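Chains A and B supply the protein sequences, listed in that same order. One point on numbering: in this note's numbering, the residue at position 58 of the first sequence is 58, and numbering is uninterrupted. One point on numbering: in this note's numbering, the residue at position 63 of the second sequence is 63, and numbering is uninterrupted.
Misleading hints may appear alongside valid ones.
[Claimed, not checked] The calculated BS3-like cross-link candidates involving lysine-lysine, where the alpha carbons are at most 30 Å apart (straight line), are:
1. A:K55 <-> A:K16
2. B:K75 <-> A:K55
3. A:K37 <-> A:K19
4. A:K55 <-> A:K43
5. A:K19 <-> B:K2
6. A:K75 <-> A:K43
7. A:K38 <-> A:K19
8. A:K55 <-> A:K75
9. B:K63 <-> A:K37
10. B:K75 <-> A:K63
11. B:K2 <-> A:K37
12. A:K38 <-> B:K2
13. B:K75 <-> A:K75
[To be verified] Here are a few chain A residues that face chain B, going by a calculated C-beta distance under 7 Å:
14. Q47
15. L48
16. G54
17. T56
18. A60
19. A74
20. G97
21. I109
22. R110
23. L113
No lab work stands behind these hints: they were computed from the structure. This structure is a prediction, so every number in the text was calculated from the model and none was measured. Idealized CB from N, CA, C, for every residue including glycine.
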Amino acid sequence: MEYMLLLYVDESGWPKLSKAEQEQGMAAYRAYTEALKKAGVFKSGSQLAPSSSGKTIRLARGKQQVLDGPYADAKEQVGGYYLIETPDLESALSWAGRCPTVGHGAVEIRQLLR
Amino acid sequence: MKYILLDYVNESGWPELTREEQRHWLGAYLAYMEAMQEAGVLESSGGLQQTPTATTVRIRNEKTQVLDGPYADAKEQLGGFHIIEVPDLDAALSWAARSPTALHGVVEVRPMHDGTFLTEGISKYLKPE
Numbered sequence: 001m002e003y004m005l006l007l008y009v010d011e012s013g014w015p016k017l018s019k020a021e022q023e024q025g026m027a028a029y030r031a032y033t034e035a036l037k038k039a040g041v042f043k044s045g046s047q048l049a050p051s052s053s054g055k056t057i058r059l060a061r062g063k064q065q066v067l068d069g070p071y072a073d074a075k076e077q078v079g080g081y082y083l084i085e086t087p088d089l090e091s092a093l094s095w096a097g098r099c100p101t102v103g104h105g106a107v108e109i110r111q112l113l114r
Numbered sequence: 001m002k003y004i005l006l007d008y009v010n011e012s013g014w015p016e017l018t019r020e021e022q023r024h025w026l027g028a029y030l031a032y033m034e035a036m037q038e039a040g041v042l043e044s045s046g047g048l049q050q051t052p053t054a055t056t057v058r059i060r061n062e063k064t065q066v067l068d069g070p071y072a073d074a075k076e077q078l079g080g081f082h083i084i085e086v087p088d089l090d091a092a093l094s095w096a097a098r099s100p101t102a103l104h105g106v107v108e109v110r111p112m113h114d115g116t117f118l119t120e121g122i123s124k125y126l127k128p129e
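Produce the entire structure from the sequences given, and follow the hints as far as they go.
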């Protein structure tokens with residue numbers, strides 16, 4: 001089964017970290033990605049640029065509205081994602097539990113329609 | 001530049017549609033993805049199962065918390081995504097505006113980092129010395 005891990009993070013936290021802490025944080029994500037790859041469950045994954053650089057589009061009464069920023073005005077924003085392939089939800093949850101994001105944000109696990 | 005188009009949709013709407021209307025919307029999404037494919041901009045797409053099947057995991061005070069449901073308790077939820085490669089944000093916005101989701105929900109357009117510290121050199125993501 002294919003699952004999407006949505007990484008919800010507090011974007012304001014990163015700039016406050018020291019360089020050593022940032023290095024440590026990135027090393028943790030790299031190690032996690034490597035572990036996913038080694039186990040053969042990694043399909044794809046990426047960081048997203050900060051949500052302030054995003055835009056949202058909707059059509060309201062036939063008129064296109066383009067707004068700056070993300071859809072949800074929440075404390076935590078989607079900062080990245082992984083697509084993984086695991087036998088079942090339990091195993092997807094156990095991979096999600098190893099993601100560094102769970103220590104400082106939250107990981108939402110969603111099964112893909114296929 | 002790579003962009004992800006995040007489709008936020010009202011999940012309660014789908015079951016209320018007639019079969020004919022559902023067929024219409026599925027056709028619209030299919031046509032949209034075909035148009036992106038023909039233009040050579042579509043890298044990948046995915047639809048997500050509805051949020052009652054979602055789970056959220058976090059660790060607080062060294063304890064793992066596993067909760068049923070999505071991260072955000074919002075009216076509209078992430079229902080799918082498209083990853084596209086286009087020259088600039090304007091082009092990404094114009095594809096987003098053609099999405100059937102823009103008619104009934106919201107499309108969030110987010111630039112993706114070119115490369116990622118997950119797989120590449122990390123120095124460009126660090127504070128300057």
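Outcome of the hint check:
| no. | hint | in the structure |
| --- | --- | --- |
| 1 | A:K55 <-> A:K16 | holds (25 Å) |
| 2 | B:K75 <-> A:K55 | holds (19 Å) |
| 3 | A:K37 <-> A:K19 | holds (27 Å) |
| 4 | A:K55 <-> A:K43 | holds (26 Å) |
| 5 | A:K19 <-> B:K2 | holds (27 Å) |
| 6 | A:K75 <-> A:K43 | holds (28 Å) |
| 7 | A:K38 <-> A:K19 | holds (28 Å) |
| 8 | A:K55 <-> A:K75 | holds (17 Å) |
| 9 | B:K63 <-> A:K37 | holds (26 Å) |
| 10 | B:K75 <-> A:K63 | holds (21 Å) |
| 11 | B:K2 <-> A:K37 | holds (22 Å) |
| 12 | A:K38 <-> B:K2 | holds (26 Å) |
| 13 | B:K75 <-> A:K75 | holds (17 Å) |
| 14 | Q47 | holds (5 Å) |
| 15 | L48 | holds (5 Å) |
| 16 | G54 | holds (4 Å) |
| 17 | T56 | holds (5 Å) |
| 18 | A60 | violated (10 Å) |
| 19 | A74 | holds (6 Å) |
| 20 | G97 | holds (5 Å) |
| 21 | I109 | holds (5 Å) |
| 22 | R110 | holds (4 Å) |
| 23 | L113 | holds (4 Å) |
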